[in-house]
Each structure stands twice: as C-alpha cells, then as structure tokens.
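Using the hints provided, position chain E with the ligands relative to the given structure of chain Y.
Number of protein chains: 2
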Amino acid sequence: MSHYDQLIAHYQTIHHFNHAQAMLGWDAAANMPAGGSEARSNAMAELSVHVHRLSTQPQLEDWFGHAEQAPLTTEQQASLREMKRQWQQATLVPEKLVQAQSIAGSKCEHTWRTQRQENDWKGFEKNWKEVVALSREEAKIRGEALGLTAYDAMLDKFEPGTTTSSLDMLFTDVKTWLPELIEKALEKQRSDSIILPSGTFSTDRQKALGLEVMKLLQFDFNHGRLDQSVHPFCGGVPSDVRITTRYDEKDFVQALMGIVHETGHARYEQGLPKAFSGLPVGEARSMGIHESQSLFFEMQVGRSKSFISHLSRLSMDAFNAHQDPVFAEENLYKIYTQVEKGFIRVDADELTYPAHVILRYEIERDLINGVIEHTDVPDIWDEKMKASLGLSTQDNYKNGCMQDIHWTDGAFGYFPSYTLGAMYAAQYKASMVKSLDLEVAIESGDLSPIFQWLNDNIWSQASLHSTDELVKRATGETLNAAHFRKHLEGRYL
Amino acid sequence: MSHYDQLIAHYQTIHHFNHAQAMLGWDAAANMPAGGSEARSNAMAELSVHVHRLSTQPQLEDWFGHAEQAPLTTEQQASLREMKRQWQQATLVPEKLVQAQSIAGSKCEHTWRTQRQENDWKGFEKNWKEVVALSREEAKIRGEALGLTAYDAMLDKFEPGTTTSSLDMLFTDVKTWLPELIEKALEKQRSDSIILPSGTFSTDRQKALGLEVMKLLQFDFNHGRLDQSVHPFCGGVPSDVRITTRYDEKDFVQALMGIVHETGHARYEQGLPKAFSGLPVGEARSMGIHESQSLFFEMQVGRSKSFISHLSRLSMDAFNAHQDPVFAEENLYKIYTQVEKGFIRVDADELTYPAHVILRYEIERDLINGVIEHTDVPDIWDEKMKASLGLSTQDNYKNGCMQDIHWTDGAFGYFPSYTLGAMYAAQYKASMVKSLDLEVAIESGDLSPIFQWLNDNIWSQASLHSTDELVKRATGETLNAAHFRKHLEGRYL
Ligand SMILES: [Zn+2]
Ligand SMILES: [Zn+2]
Chain Y
1 MSHYDQLIAH YQTIHHFNHA QAMLGWDAAA NMPAGGSEAR SNAMAELSVH
51 VHRLSTQPQL EDWFGHAEQA PLTTEQQASL REMKRQWQQA TLVPEKLVQA
101 QSIAGSKCEH TWRTQRQEND WKGFEKNWKE VVALSREEAK IRGEALGLTA
151 YDAMLDKFEP GTTTSSLDML FTDVKTWLPE LIEKALEKQR SDSIILPSGT
201 FSTDRQKALG LEVMKLLQFD FNHGRLDQSV HPFCGGVPSD VRITTRYDEK
251 DFVQALMGIV HETGHARYEQ GLPKAFSGLP VGEARSMGIH ESQSLFFEMQ
301 VGRSKSFISH LSRLSMDAFN AHQDPVFAEE NLYKIYTQVE KGFIRVDADE
351 LTYPAHVILR YEIERDLING VIEHTDVPDI WDEKMKASLG LSTQDNYKNG
401 CMQDIHWTDG AFGYFPSYTL GAMYAAQYKA SMVKSLDLEV AIESGDLSPI
451 FQWLNDNIWS QASLHSTDEL VKRATGETLN AAHFRKHLEG RYL
Chain E
1 MSHYDQLIAH YQTIHHFNHA QAMLGWDAAA NMPAGGSEAR SNAMAELSVH
51 VHRLSTQPQL EDWFGHAEQA PLTTEQQASL REMKRQWQQA TLVPEKLVQA
101 QSIAGSKCEH TWRTQRQEND WKGFEKNWKE VVALSREEAK IRGEALGLTA
151 YDAMLDKFEP GTTTSSLDML FTDVKTWLPE LIEKALEKQR SDSIILPSGT
201 FSTDRQKALG LEVMKLLQFD FNHGRLDQSV HPFCGGVPSD VRITTRYDEK
251 DFVQALMGIV HETGHARYEQ GLPKAFSGLP VGEARSMGIH ESQSLFFEMQ
301 VGRSKSFISH LSRLSMDAFN AHQDPVFAEE NLYKIYTQVE KGFIRVDADE
351 LTYPAHVILR YEIERDLING VIEHTDVPDI WDEKMKASLG LSTQDNYKNG
401 CMQDIHWTDG AFGYFPSYTL GAMYAAQYKA SMVKSLDLEV AIESGDLSPI
451 FQWLNDNIWS QASLHSTDEL VKRATGETLN AAHFRKHLEG RYL
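Protein chains in written order, with full-length UniProt numbering: chain Y, 1 to 493; chain E, 1 to 493.
There could be a bad hint or two in this list.
Claimed, not checked - Here are some of the chain E residues that sit facing chain Y, going by a computed Cβ distance under 7 angstroms:
no., residue
1, GLY36
2, HIS223
3, ALA328
4, GLU362
Stated by the list, open to error - List time: in silico DSS-like cross-link candidates among lysine-lysine, alpha-carbon distance up to 25 angstroms:
no., chain 1, residue 1, chain 2, residue 2
5, Y, LYS274, E, LYS107
6, Y, LYS207, E, LYS207
7, Y, LYS188, Y, LYS175
8, Y, LYS398, Y, LYS129
9, Y, LYS107, E, LYS274
10, E, LYS398, E, LYS341
11, Y, LYS274, Y, LYS472
12, E, LYS207, E, LYS157
13, E, LYS175, E, LYS341
These aren't lab readings, by the way, just hints derived from the structure by calculation. Owing to the predicted nature of the structure, the values given are computational and were not obtained by experimental measurement. Even for Gly, the Cβ is constructed at its ideal location relative to N, Cα and C.
Bound-form chain Y, shown alone (with noise of 0.2 angstroms):
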C-alpha cells in the first residue's frame, strides 16, 4: 500500500468515529433526556480524544512527506492538501485540551438550554468562563503556532484564507451603508399593513407543512430527516443528513423558514462527491461556503416572490386555511421580507442581521485576543446593541449575550460565516441569472436548474478547490460585497 493510500484509509477510519460523533451530537440536541447527559458528554470526549488521538499519529508526517514525493492526479494532490490541512489543524493542539473543551463545552452548553429560559447569567457565567479560558488557550497555541494573532487562528478553522484585516475592512464597508438602508427600508415599509399569524398552528400541521417544503427544494428522505431541537441545526452524515427546527405554535413562519434554510445546508452535504466520502476533500469547503448555500436557499431563493407563492398554497392547504388573509402571497412576502430592530439574530431579517453578526465578530475578537473579559461581554453587548440597532439588552441576557448556542461550546470564529455567506450567496444569483431564468424555474414548481448549477459549481466541488477558487470558477470573480449590498437594495429600496 503506498503512503497515500495509507492516508485515504486512515482518514476514512477517522471519518467512521466522527459518523459516530455527529450522530450522538445530533441524538443530544434532538432525542436525549436531561439525565443522559454526563455519560454523553463523557462518551463524546472519549471520541472527540480517540479523533485527535488518530488526527496527529506520529507516522503521519512520515506518510504525508512521501506522498508528496509520489506522482499524483491534480484530484489526488487535493485530496492530500485537505488531509494535510487537517492533520496540521489537529496536530496543534493537545489532547488534553481537546478532552477538556469537549467536557467543558458539552456541560456549558446543555445547563444553558434551562439557564438561558431563567436569564441565568451568573450561573451560565461560571461555565462559561472555562470554555472561553480553554479557547483562549486554544487561540494562543494555534496563533504561535501558525504565526497569526488568536483570533485569526480560530478564524482559520472555519474559514482558512480569512483574516481579521479583511473582515474588519468588509464590516468597516458594511456599517458606512447598512444603517441608512435600514431606516430607508423602515421608512418604505411604515405604511404596510400586515396580518400576523395568531391562533394555533399544531406542531404535526407545521411538520407537515416544513416536510411538503422540503420535497419542493428536492431534499433527499432516503438520505436525511427532520426533526426538532431547541436550536436548530444540519447534522447528521452526507448520507444521512439530521436537519432539525424548532415549532412554535403561536406563529409557524420562522420555523418553516428555519427549514429551507437548513435544507440549503443539506442539500449541500448531500450533494457532496460520493467518490470523496468520508474523506477531507470530499468535505463542505468552509462554513461561510456552507451558509452560502443555507442563505441561498432562504434568501434568494425562500423569499423571492416566486417562492413565497408556492409557500402561500402549501401553508393554505397544511392548515386548512384557504380564505385566511394571513397565507396570502402579498401578505406573506411582507412578512418575510419585513424589517425590523430585534434583540434576536435567529430572528433577524435578512436587512438586519448582518449587524448581529458585526457585533459578535467584534466581541469575540476581543474577548478572544483578551482586550476584554468574559464577565464584560453583557455591557459590550448591551452597549453595541444601542448603537447598531437602538436596543438595550440591560440585564436581558436571554436575549443579549445568551441567546446564541456557538459559543457555549467554544466555537469563537464561527459568526462571521453568516455574513460571508449572505454575500456569496448574492453573488451566485448575480452570476446564475445569466445562464437561467431563476423565477420561471421557482415558479414552475420544478427548481432543478437551480440545484444543477448548485451542484455543478459548488456541492460536487466540495474542497477540491481553496474558497476563493471555487468562487471564482463559479461566479467568475473573488468575493465581491457589492453584490450583496445590489441585492438588498433591490429588495428593501
């Protein structure tokens, strides 16, 4: 067997525990009773230790050296580049501090479900503290290690090539113009009038409803499920794809948008290239790539009016409603195109929410670099949000600094994914429409034109190429923000 080879079968016996690992991730936000917890988070440390144990086994630089000595398809030299980027990733942390995050993560992360209902700082506080020490420890030793500052160093995980330099620039960008777009927007959007949803929406009715949604954006059920949890996410395996959302009964709008949101995500994972299972090529390229996808489907595509026209009829016929104002298209697309100042990123419109993101991307910066301390997020937060959005979040943690999940596990880097991926997704639109006609296809019921060049450009790609190549051989240019700000003033102006 030659030293590559060695790695594919090493990589995918990874790839096996980590099928483990996000079933049991999935199982714990979706299925698990409170009292299973411990020995879920004592079995998930025990793989995520047996993960890095097998990431940064001693022989491997010896086969890595020699593969690359050997003579390989341009496919194969991909191949090897992406297990090498992450045996260099794992390779820089230590076991034990990968052991103690995992413990600390699961148990700040589950006694937050209960301490965020009862806006339980001081006791989330004393969790968190220990997950944000280990992800500064964690910053530290990647940023020595890579020669980049802490926060770089985590950014790297999630979106490799991105910067603190190019974000801050990008933001500094989006805050010269995004508050006057919103007042512009408030101020067109004064005198609609809409009907809000009120009364019962079942929870077996709105599941009906997000299931019929999913076969309209052509998710695979042979290959994925849906299901419900307190946040929600796409987990699960590219073959088995765990997409979950979260019903209420008083209002069904956000979850079935939750849904084609995390359908876009999963279409994206099932999409991926059979040939490169279970191995690091044949992975999501970034998680701004990943949200690019999840956006695309929700924002481009779920709130155009084309789409809101099929979710009038669908939500009519789910809830028996064929009269009811509140389902028509006009007064549906006014809802999921209203804007307006929230306290909630979840909840955010599409206008909004990337000031969410600015503000996280500045806290956790600085809260990760240690020009701040954990105990003063609340006040940065509160003081933030007056500024971007004219909201306190006085003494309103449930609703300020603990309404998010990512960093009660540690997943500092993380919240700039969903700007970039607003703005990759604006992109793809600009360059699709000029080889298809994007609302014929929505209108016509049948959208496989769009998931064709989805899945040419991006989902059968998977990391064979660096981001800014994929987005190049896809749209023909790099990132370019300025499509994203065309397409919010299209809509919003």
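Chain E with the ligands alone, transformed into the frame defined by chain Y:
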C-alpha cells in the same frame, strides 16, 4: 496507578465506545432512513473493531496477572472477575472475524427488513449464508479455546454456566407436560367469548397510553424514552435507556404489552448500581436474567388481573371509550391470557411461547454444530412447527424462519434466554409472595414494594455474583422449573 485501577480506567474507556455503539444501533432501528445504512454499517463496524482492539490489548494479560495478586475487597474481586471474563471472551475472536461479522450482520439485518415483507427467502438466504458461516467460525474458535462444543460456546456468551446438556434436560421435561397443558387450556377457553379490538387506534393515542403505563411502572423518563421500530427492543445505556415498540393501528393490545415487557428490561438497566457505572461488574448479569425482568413485568405483573384492571381504565381514557366492552377488565384479561397456536413468536401467548423457543433452540444448536445447513432451516422449521403446534410454514418464510431479527446478525445462543427468563420470573414471584402481597400493591397503583424487591435482589446486584448465586440469594434456591409449571397451571387450568 495500580494495575487494578488501570483496568478500571480501561474498561470505562471501552464503555464510552459501547455507549456510541448502543446509540448508533438504536438510531439505525428507530430513525435512520434506508440510504444511511451503508455508511452506518461501516461506522459501526469500525467501532466494533476498535472495541475489540481495546478489549484485547496485549498489556491486559499482565495487568490481570498483577491485579489478581493485589489485596482487593470482595466487590473489587467481583469487578476484576467480570473484567477478566469480558477479556477472555474478547481475546478468543480475531479482530478480522469481528469486523466481518459486523458488516455481514448489518447488511443481512438491514435487507431483511424488506425481504421479510416480501417473503424473499432466496434474497435473504444469500446474506444469511455468510452470517451463519461466520458464526460457525466464531463458535468453533470459542469452543476449542473453552473446551466446549460449538453451540455451548455460543451459549456461554449470553448465559455463562448454561450448557446444551442442561437445556436439553430442561426442555425435554417441558416437552413432556407442555403439549397437554396447551390442549387443556384451549379446551377450557373454548367457550370463552372474547370481544376483539377493531377499528382505528391511532399511533399517537397508543403512544400516550404506553407512556401512562410506563409511569405506572415507574420508568424514569429523565433517563430514557420510548420510540418506534420494526422489532421492539430495549437499547441505549443505563443513564439513557431507549425502548421501542411497534404500533398496529388496528389493534393496541400487543404494542401495549410490548411496552410493559420492554419497561421491565429498562428498569433493570436504570436500576443498575451507579457505583459500577461503565464497568462489566455493573452490567446486567445475563440475557436470561434480563428476560427474567421483562417477563416478570409482562407475565407476573402485566397479565395479572389487578394490573389488567389498570390497563382497562387507562386504555378507556386513552381512546375515550368508557362504554366500549372491549376495554372491560374481564375482556382484556381474556385477551391477555388467550391461548392460541400461532406462527409468530413475538405474538405468541405465554403458554405456547416455550414451544417457539424450543424449536429455535433445537435448530440453532444443530445449525451451529454443523448437523444441518442453513438451507435446511425452512424445511426443518416447517416440520417442527407441525410437530409442536400443528402449523405448516411451507413456503411461508416470513412467518417461519424469517420472522425473527436475532439470527440476522448472528445472535445464535440467545433464544433459550427467553424461556430461562420466564422460569426465573415465576421463581421470583413464588419467593416474593412470602414477604409482600403483590395483588394489593398492584391494585393500589403504587407498585413500589415490588420494584424495591427487584431492586434489592436483582438490579442493584448487577454482575456481583454468578447467575446461580444471584438467584439463590434472591429466592433461596437455584433455577427450579417447577415454579414455572405451577405458575402456568395456576393461570391456565
Ligand atoms: Zn445556517
Ligand atoms: Zn425481552
């Protein structure tokens, strides 16, 4: 760290991977779409191999040698003995064989789900051939090492201490009185008029009813849940026990009693001592003792007149049918004690059940010992069914040898546990009545005294003693099948 402590840490590590394995297995049965099967099989095979590798690490021999020389408490000695037993069991089977069995078993079991529906013996036989061949290989290896016949070596996995000759004696005795007892019971019931359930019993309501019954049986919902699968089972881990059932919307009685049965398994798991959590000595004693709990719940508690009175009330409430004579106590009691010669083991009544088990025992004994071939099984099954219950299964594979899940993944040696369990359960009852009034406890709706007895005598004892010792401490004698016969005669004559 002492060698004993090293062993403890090592077996707790193994337990974490077993936790993952248990949850993946539950998920495969309860949630997984068909398309997820291949990747899941591979992941589970990898986990099997890893557990096998951990269970057979060369240094263990040395650790056991040293630990046995060290001064240990009685409990530590028991813990060491059980670790050593698992080590010996594991070291017998080569890693390659374990992996091949896991892959062949997953494949056979997964395709069996549709093949059974389609009565497709030809298709099933192709996969099963491999499972049988690998099990024979395993039995041969184990037998040679342990100085046992092939089939005895398989029995030893599930029922340490039980042999073919003891089972032959036990079952030969049962065969002398069971047929006559069945005939007499049928004769006695001939004039009974039973109102059978008909109409639609929705899955939702059946599930709600099942949950009520689980509450009555004091299932701990903070440490477990109820779901659905084709073949009901009890899985998960002690801190998070996953039981499943299968609902038939035309009839609720089987699913309901199935839940009582699985709750018995679940409470044993939930009652295992926390002090030995994750260690072999903290696990259930044997499969027969496990079945003794589920069958105590099902046969000694569940089918008693006083418990059926609760089922009557709760099912009337669940289906909002307080006037319906189907749910009357007397009628439900007749349904739950009705004797009928049928094809399907899992649907069989208490009295004909041992006939199903003995049939399987005789076939798997001869199959593993190489006396018959896997292709002979349908004909022999037909022959034995005709002899024992007067029913032919000619060309009726789905209701014949393809009806059970057990053989699909090579669990040969397991079937006798069912009847051993029924015998133990009757023996506990005979002992329990000396110190407490079961009927009064059940009638009161607070079954705590019964569970306290089981907890003190069985659950909390885990694997601290051998099966014989456990049963003797609990009841004053080792297995005595006379209690079983007396119980059956008391109920059916
Ligand atoms: Zn997303
Ligand atoms: Zn059972």
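Now the hints, each set against the structure:
no. : hint                  : in the structure
1   : GLY36                 : 3 angstroms, holds
2   : HIS223                : 4 angstroms, holds
3   : ALA328                : 32 angstroms, violated
4   : GLU362                : 38 angstroms, violated
5   : LYS274(Y) - LYS107(E) : 20 angstroms, holds
6   : LYS207(Y) - LYS207(E) : 18 angstroms, holds
7   : LYS188(Y) - LYS175(Y) : 20 angstroms, holds
8   : LYS398(Y) - LYS129(Y) : 17 angstroms, holds
9   : LYS107(Y) - LYS274(E) : 20 angstroms, holds
10  : LYS398(E) - LYS341(E) : 17 angstroms, holds
11  : LYS274(Y) - LYS472(Y) : 24 angstroms, holds
12  : LYS207(E) - LYS157(E) : 34 angstroms, violated
13  : LYS175(E) - LYS341(E) : 15 angstroms, holds
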